[in-house]
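Novice: Listed below are the residues making up each chain.
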Amino acid sequence: MSIWVHEESKVLVQGITGSQGTFHATRMEEYGTDVVGGVTPGKGGQTVELPGRTVPVYESMTEAVSDTGADVSVIYVPARFAASAIIEAAEAFHKIRGGGLIVCITEGIPTLDMVRSIGHLSDKPGVRLIGPNCPGIITPGEQGGCKVGIMPGYIHAKGRIGIISKSGTLTYEAVAQTMSIGEGQTTCIGIGGDPVSGTGFIDCLAAFEEDPETEAVVLIGEIGGTAEEDAAAWAADNFSKPIVGFVAGATAPPGKRMGHAGAIISGGKGTAEEKFAAFEAAGIHVARDPSAIGQVLLGVLIEAGLRES
Amino acid sequence: MNIHEYQGKALFRESGIAVQDGVHCTSVEQALTAYDSLGSQVVAVKSQIHAGGRGKGKLYDHDTGNLVMEGGVKIASSREQVEEYASNILGNRLVTKQTGVDGKTVGNLYVEAGCSIAHEYYLALLVDREADSVLIMVSTEGGMDIEEVAEKTPEAIHKAWVDPLNGLGDEQKAALADSLGLTGSAHGSFVEMIGRLAEMFVGLDCSMVEINPLVRTEGGTMVALDSKVSFDDNASFRHPWRADLRDRSEEEETEVRAKRSGLSYVKLDGNIGCLVNGAGLAMASMDVIKLYGGEPANFLDIGGGANKESITAAFGIILEDPNVEGILVNIFGGIIRCDMVARSIIDASAEVGLNVPLVVRFSGTNHEQGKEVLESSDLSVITTSTLAEGAEAIVGAIGGGD
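Those sequence lines, one after another, are chains A and B. The first sequence begins at 2 in the numbering used here and counts up by one. The second sequence begins at 106 in the numbering used here and counts up by one.
Any given hint could be a false lead.
Stated by the list, open to error - Listed below are the simulated DSSO-like cross-link pairs for lysine-lysine, each with C-alpha atoms no more than 27 Å apart in a straight line:
1. 270(A) with 161(B)
2. 44(A) with 161(B)
3. 257(A) with 372(B)
4. 413(B) with 270(A)
5. 364(B) with 333(B)
6. 257(B) with 270(A)
7. 257(A) with 161(B)
8. 202(B) with 257(A)
9. 364(B) with 257(A)
10. 270(A) with 395(B)
11. 257(A) with 163(B)
12. 125(A) with 96(A)
13. 395(B) with 257(A)
14. 364(B) with 395(B)
15. 264(B) with 270(A)
16. 270(A) with 372(B)
17. 364(B) with 413(B)
Calculated directly from the structure, the hints in this document are not laboratory data. Everything numeric in this text was worked out from a predicted model, so none of it was measured.
If we strip away everything but chain B, and leave its shape as in the complex, we get:
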């Protein structure tokens, strides 16, 4: 789960990590009131969306699609500018390199007091799956795209791993500060901040915290000028407060609905719907459809606890996609029995009004019975016993392929 910059900064503030004063706004009036209250002549007017590259993004009019403004993060030095930028941002579509061409409609704004910047740094904490621990990465090249830094000047990135049992050591904190060339009060400020941040990461079950840029002010304080925070969804049971930070408009509605039915669904651009048990097999099914000249319309794992209700929900979700011209069901029965799936398919197709070609591949537990159930029904269905045959059949059935 991702949260907005303003929400991440509120968590930073609670954890004692320095941020500038700022106000979350949803209207131009609120933005002007915020400007008046902040008492800083220069403020940053920042679009709040769950995607990076906002500064270099472009805003398009929500209705006409015309370009309204270059840059989703603007520095304003007067009330008039705040008004201009806020009205250009709110309600319009922000397209960045991470949003895709459709961009995202901006409903939230953050107005933040300006800051005297001596230098910009990069800082991130994430789970290092190869080292099985939390990795801290810092760089003197702040404000830059970190992947570009990693590519061009890997020596500019310094790393430290948090000990899973003992936390981040004092020597590690000091070494990170040294690696950024920090001295005096800035060194002390960094050491304090990184300790608090590592504690916050673990305490809140984050999966990533990125601060780009982290700045050293003229006064020698380290301030988080941006925040990108993601949480580990598996740990949500420990953090019920997260529900209040959720921005539903940032989530794919269908994916959320699928999850409630115990399904894991990701929409893609093709025309062959897939319904599979198991994540790896679901990916493999998409791959094989492609190998046979088709294009998968979705990833869908019905999970190990599938039943008639979830299978019906799965058919419904697949068929909501207007691009879908055919469906491939691929089940390798283990705990799930193919005959149960077959009966669920028959019921589900009646319920949702299945009107596209259907190919079902059964293997594993009760696959023979499953096939019999389907073949003795009125349902128009092609059954196969291997994935390759299934993919070939569905691609053929919709008139695609080579």
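Excised from the complex, chain A in its bound form:
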């Protein structure tokens, strides 16, 4: 098992004819993802060559979902068009299948465009958005698996650890840490570091709680906002599996945006210290050094009786 994407997921690529779209559709297909087609307005009727298959390009998401039965869409369109792409995907999934998963990789989307996109999701309970400005979601399989995004697939292996992170490369670091103690992953989700985005930590934790194969979770936060504190408080009451947590930005100065639009300590709020304290108060096992996540996780698994040594 896994959450939200699995080996049977059928994936569409919005922006498949662009350089990013083609590049990553190829990598996804290579990994084992079932890429069933793509959408680029103005290029409907064309095809795209992927490793071992040729897939159709559709004019619209409605056409693409109807024709392929896809339940997942990944967005690689430029920032100024990305919010419309999210809304188009949400409407198509809602109308045709009653739901679906949208993964938006695009970085630099205007914040108020995202506010409007999320507004459009509020009456479509079956539609889930991950991102934007994120590496995507991956469920490693026995052979291959389902990779929806830009992460390097080969660093992952099927296993029992769930990973949730606001950051891209720091997610890979967390994956490498689980691998360093011989643990694989059920599903890894990069939720993105923008101030306004779709799926949050709590949504992921709730899904991992329900997933019988996930036995522990690594949660990677960063400065800014209160999502980590909210997740910790929620987990204390609702999450039964062990969590290892890290927060990036303990040395970040206040008032300075650290790369991600949302990574800013403003008005003295959103510091790493507050988040670490919230983690500890909620019984989350804290790693102060991301290179120590593996060892902390190992200790936690042993303590929980999930591993001998």
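Start from chain A and add chain B according to the hints.
Specialist: Chain B in isolation, oriented as in the chain A frame:
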């Protein structure tokens, strides 16, 4: 992107939000002409910098560093006072609780007609990341530090959220006016203003608008006596006019230059330069350097599209900082391949004349090849495979730590 008060008020005026008449000046002569033209005996002479706390700030002589005047915002009731305040402000350094000890040199002044104030309120619009919508906050405690109000009397702050699809409703506008205890013409004036402000916020892609104080005049009109406006940089493509409002002197020159090379850079006070791919990993690298007893000199994310040019630019920017005594490169290869980064490092160090210890941590795509490229070069470099080892090595190399 932030703009000055006088620029924010010009946008308010265009959006039909009441402000006092005022004139932007860059010299004492202009300030005197402005005073003559405003036709108001009492005027406010206001320092224009991108930082709050101006009223309680202190002005220091630009050359001698001597205290020149208390308060960066002054009320003048004569031509002589305007002259005195303007000359004390322009060209001198204003230090407020938000500027840091060095303060900011004031090059711009706003001379604004006085106003008969019945009461001061607080008003702000910002993006609420938890609610995924625009939040409006109002308070009867105007002129105060809002964080202090939130801390001490949270019940004095009233909130409303703008519906992302339908905008701010009439009932919400009236409820906000009611929450401030407004009646009669002031109630109507507020309702009209808040609607226009919410439209302006969305129309101009703002990330924050703060009016502190918003005042009710003796005549029952709501007037924005201050303005603090920030824009969402991601939306700049829709608003090319913003370029004209940019005050380069308010921006960190190095950060702007870094951005042009596709880098995200923030200068810090330590002595270990960092070059990392990914914002989260870049923050984590700084944190781990600190854990091992070092002090990071900067945040630097080379981004997903890094190449030889941007990596060379990154080395150049790091080494411009005279405090830097060593550099830690931390790359987790994904789309970026470590061997490409290794070759770029070799070229860049030759180009910029690298003269401090260098530690490189590679993991992920082609990390073995990357290591080989570095180790077979003439470059003096320590390579490691974990971040902790890298941090320990660089702290050791510069003779720091415990």
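Novice: Does each hint hold? Answer for all of them.
Specialist: Consistency of the hints with the structure:
| no. | hint | in the structure |
| --- | --- | --- |
| 1 | 270(A) with 161(B) | holds, 23 Å |
| 2 | 44(A) with 161(B) | violated, 60 Å |
| 3 | 257(A) with 372(B) | holds, 10 Å |
| 4 | 413(B) with 270(A) | violated, 38 Å |
| 5 | 364(B) with 333(B) | holds, 24 Å |
| 6 | 257(B) with 270(A) | holds, 16 Å |
| 7 | 257(A) with 161(B) | holds, 23 Å |
| 8 | 202(B) with 257(A) | holds, 16 Å |
| 9 | 364(B) with 257(A) | holds, 15 Å |
| 10 | 270(A) with 395(B) | holds, 21 Å |
| 11 | 257(A) with 163(B) | holds, 24 Å |
| 12 | 125(A) with 96(A) | holds, 9 Å |
| 13 | 395(B) with 257(A) | holds, 18 Å |
| 14 | 364(B) with 395(B) | holds, 25 Å |
| 15 | 264(B) with 270(A) | holds, 19 Å |
| 16 | 270(A) with 372(B) | holds, 21 Å |
| 17 | 364(B) with 413(B) | holds, 16 Å |
Going down the numbered hints, you'll see the structure goes against 2 and 4, while the others check out.
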